[in-house]
Amino acid sequence: MPTFVYMTRCDGCGQCVDICPSDIMHIDRTYRRAYNIEPNFCWECYSCVKACPQHAIDVRGYADFAPLGHKVRVLREEEEGMIYWKIKYRDGRVKEFSFPIRTTPWGSIKSPADYETPDTQALDSPMLAHEPTALHVDTLPTLSSSNNK
Amino acid sequence: MFTSNPFADLIVFLPPYFMQVYIILMILAVAAGTLFDMLHKKSVIFFARQWRKSQTAATKQLSGMDNAFLLIRTLLKEVATSGEFCNPLRRLSHLLMFYGFVIYLVTTIVMVFAYPASAIWPVLWNIGALMVLVGGYWFFFFIRVDVAKEGHSPFRLVRADLFIVSLLASVTFALLWEIVQAAGGPTATRIIFSIYLLFTTLLFAGVPWSKFAHMFYKPAAAFQRRVEEANGSSDLPTPSVRHEGR
Amino acid sequence: MSLFTSRKTHFVDSDILIIGGGFGGCGATYEARYWARNAKIVLVEKANIERSGAVAHGLSAINCYMGMQWDENQPEDHVRYARNDLLGLVREDLGYDIARHVDASVHKFEEWGLPIMKNKDTGRYLREGRWQIMIHGESYKPIIAEAARKAATEVYNRIMVTHLLMDKKDPNKVAGAVGFSVRSGDFYVFRAKAVIVAAGGASHIYKARSIGEGVGRTWYAPWSSASAYGLLIPAGVKMTQMENKIVLARFKDGYGPVGAWFLLLKSYATNAYGEKYEEARFDELKALVGEYAEKQPVPTCLRNHAMLEEIKAGKGPIYMHTQEVLDTREKEEIGWEDFLDMTIGQAVVWASQNIDPREKPSELITSEPYVMGSHATCSGAWASGPEDIAPADYQWGYNRMMTVDGLFGAGDTIGGSAHKFSSGSFTEGRIAGKSAVKYVRDKSTDTPQIDDMQIKELEATIFKPMENYEVGRNEIVAGTVSPSYISPLQGLQRLEKIMDEYVGGISTYYVTNEPMLNRGLELLTMLKEDLDHLGAEDLHQLQRAWELHHRVWTAESVTRHTLYRQETRWPGYYYRGDYPKLDDTEWHVFTASQYDPQTGEWEMSKLPVHHIID
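Residue numbers (our numbering), protein chains in the order written: chain A, 1 to 149; chain B, 1 to 246; chain C, 1 to 614.
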């Protein structure tokens, strides 16, 4: 469902230009605000919709198959770790949902460089970082050599 | 130089009523331009329709007091502090341009209509102009989204740049004129003053085609947004109600 | 380029260069840093790693998790499953390797903050099906991207890599890559001791079911532009199973996922008359593929076949009876979240067509074909396997290294390792990352050399489409029709039509044959020639132009492989009208191809399928 940008809400900050995986959110030449330059390459991933600080981006289902009058709006509360959806049907029904998006604070992932340096021999073993502990089993499975044809 | 009214020295080649008439014409141009823009683009009809839709979808009726309060909040936050901008640098540059322009405009009108004796007026005029130029050139070269995010050269000009270019040109030539006039070259003064007037006319007369009209649309839109949050007609998920007005 | 801008060239040197910032690339970046604390690790992505790749919107399930800690599955079980699903043809060594490590990746995801749903009774991860667990995965990609950012020396966003660079001293050794900035238009030359390609598989090489805006709603991301293959093939890398196109049966138009509906919510599909058709067609399937039809679960392609036959028999549309299973608010939320976490467009379809899944069933359909390596399919590069497991002819030293020295791969890029999905691709990235570190350690005195002349030529080649447009534009007044250049979209539409009509697309119900395939190759040859005349109006179009190049290379490979395999191995994915049955005698093999960049010739061959698991 391709995206479109509300004229009254967009202030041309460019967050959508930064985030779009398809490189299709760009800046209009007359208003210096955002718009979707290639709806036929829009996957409706909602990355731009979620990133827009002004909630200026919305989606209108692909004209090929989505009748008018619907809305699927979202609020992604990053700090809170939640996402909120409000779905309005063509016939007026409304459904709202909310789901968690993350259980830890943003930026809190421990860098792999902050772990104890592995010893040089470990580089030649098949075990990957944090194994076998991270597997939650005692050893990394392998096949006995008789299996190798 | 910066403490005397530059408009007073125009008497050498222009009568005092010239600038007064000019300013009135520019005010009329802005009014006419905005009206033309709203009618021609049918944006008035659109906004009226949106307003009616919002009223119909409202789950809560707002009183006159409620609306007044929302209006005040809009004026205080979005208008007075450029509160819409999330990027602090952009917000700062806009505040410089906005307040700089207001100071520069008000002092121009006072100096042209009243020719006051006090040096405070030209000093403020210069400060206002400098604020516009600092905020404006900063915006033009570094903050403009097509430059900052899309990688375009700052010298790639499109229609959206009509406002900022004419604003910067107008104020730059205003200061240049003041300096050249004080230095005493009569021909140079006339030439530079003409260019100043040219860009100033472009700035005000260009309202139907430039982003200048945003000074009316943006606060109106911000107010409408607050009303929608408050009266329940917003289509955003419910938690937004407590987050709006950040 | 205007008067005031001039294109700069940036040289970026690194120990390990990772091309593609999706799940494979992020896994590689993380793991490489763990093993090489001081190495320069550079990650390059044509978009923004925060939301790039196939997991941009998020996912509602992790489809590859063993659950070894609870004795739910062992890695060999997964190998058997993937093998059955692909009718015998998978790299069991690669599959086992991923399956034995993937649980650790998933546990790290949870530690990093990915909310995984729990089974209220057992406390374990909530299973969708035997291999799948349910997640609240809207931010799955941003979480993984954070891990990659912490690990990388530098992340270059908005740089499209267009070509790999080979070592001047050794044409079968990688030395880096070249590309351009989609924002500034600058030329980038990446020089590295090891390169890991973890780019996207191929969407948009076949004509899609929708034709207007709807073309954007492909099942696989539209930005999966086949760079996983398009970077490798012209460099002479040996590829495998490129004929293994995948077709998905999904909710119609929105292509929303069906896994949670079938497996967790226990919904079912019928034809338009309410008849369950799959079991009824069992004998047909047996006639086509023999014993493979008896495998449980029923292989993906065979389920597609049953649906297609039902539709062709005039019993469509096919419906998923969602209304039978949403009897609680909790189930309704699961059903909606399934879409909202990963295919919001399907929720839009429901809202726009007034379909409440509690009240009405939804149509299912088979998609247009895709080519990729991380799902119920395994196209990609032929890679060396794990040293402790792989048979002798499946390994040549470094795990996940391709047939070009120093060139590693993960995710869609690697062929033969099916059913890895997001967690498996990340895991394969980790495997490649560690391997690349080992390789760099072993070759420490060896610095690859790049050929300056070649760099200059590549720069001209890369930016040529912009020149074609600027110059050619002078010929016409306006518009998109020019006799001397075509736009990337025009080229893409021609490609999609060729593949659709000749290489088993939807318009032929996925059927092709030798005469059709040969005709397809003729037309592809002319399209390839026309690629020299692509006209790109701006940098965005230049990106589209190179995406098309990668897609066309891939399409040619797909066509040649499809021609080579003289059987119908996966009915429901595609059919050889001239060889309609499965033929284990001749074709219980991997197909392989290698393009020779010097001669322009393609060499096709068979590679053995070793069953190391019983």
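Incorrect hints may appear among the rest.
Stretches of chain A that chain B covers, calculated by requiring three or more beta carbons in the stretch to come under 8 Å of a beta carbon on chain B [to be verified]:
| hint | segment |
| --- | --- |
| 1 | 70-79 |
| 2 | 113-123 |
Here are some of the chain B residues that sit facing chain C, going by a computed Cβ distance under 10 Å [claimed, not checked]:
| hint | residue |
| --- | --- |
| 3 | Thr34 |
| 4 | Ala48 |
| 5 | Lys149 |
| 6 | Glu150 |
Quick list of in silico lysine-lysine cross-link-like pairs, DSSO-like style, CA-CA up to 30 Å [claimed, not checked]:
| hint | chain 1 | residue 1 | chain 2 | residue 2 |
| --- | --- | --- | --- | --- |
| 7 | B | Lys53 | A | Lys88 |
| 8 | A | Lys95 | C | Lys118 |
| 9 | A | Lys88 | C | Lys266 |
| 10 | A | Lys95 | B | Lys41 |
| 11 | A | Lys110 | C | Lys266 |
| 12 | A | Lys95 | B | Lys53 |
| 13 | C | Lys40 | A | Lys110 |
| 14 | B | Lys218 | A | Lys88 |
I should point out that these hints are in silico values taken from the structure, not numbers from a laboratory. Where is the CB? At the ideal position from N, CA and C, for every residue including glycine.
How the hints compare with the structure:
Coverage of the segment 70-79 of chain A by chain B holds in this model, with 5 residues showing a Cβ closer than 8 Å to a Cβ of that chain against a need of three. Only residues whose beta carbon comes within less than 8 Å of a beta carbon in chain B count, and the segment 113-123 of chain A has 0; fewer than three means the coverage is violated. The closest approach between the C-beta of Thr34 (chain B) and any C-beta of chain C is roughly 33 Å, which is over the 10 Å cut-off, so the hint fails. The beta carbon of Ala48 (chain B) is not positioned within 10 Å of any beta carbon in chain C (closest approach about 27 Å), and the interface hint is therefore violated.
The restraint placing Lys149 (chain B) at the interface with chain C holds, with a minimum CB-CB distance near 8 Å, inside the 10 Å limit. Checking Glu150 (chain B) against chain C by beta carbon gives a least distance of about 6 Å; that is within 10 Å, so the hint holds. This hinted pair checks out: Lys53 (chain B) and Lys88 (chain A) have alpha carbons roughly 15 Å apart, not beyond 30 Å. Taken as a hint, the Lys95 (chain A) and Lys118 (chain C) pair is honoured in the structure, with Cα atoms around 25 Å apart against an allowance of 30 Å.
Between Lys88 (chain A) and Lys266 (chain C) the CA atoms are separated by roughly 27 Å; this keeps the pair inside 30 Å, and the hint holds. At most 30 Å may separate the alpha-carbon atoms for a hinted pair to count; Lys95 (chain A) and Lys41 (chain B) exceed this at roughly 35 Å. The hinted pair formed by Lys110 (chain A) and Lys266 (chain C) fails the criterion: a straight-line CA distance of about 39 Å is larger than 30 Å. A C-alpha spacing of about 20 Å is found between Lys95 (chain A) and Lys53 (chain B), which places the hinted pair at or below 30 Å, so the restraint holds.
With a C-alpha separation of about 19 Å, the suggested pairing of Lys40 (chain C) with Lys110 (chain A) holds against the 30 Å cut-off. The hinted pair formed by Lys218 (chain B) and Lys88 (chain A) meets the criterion: a straight-line CA distance of about 27 Å does not exceed 30 Å.
Violated hints, in rising order: 2, 3, 4, 10 and 11; the structure is consistent with all others.
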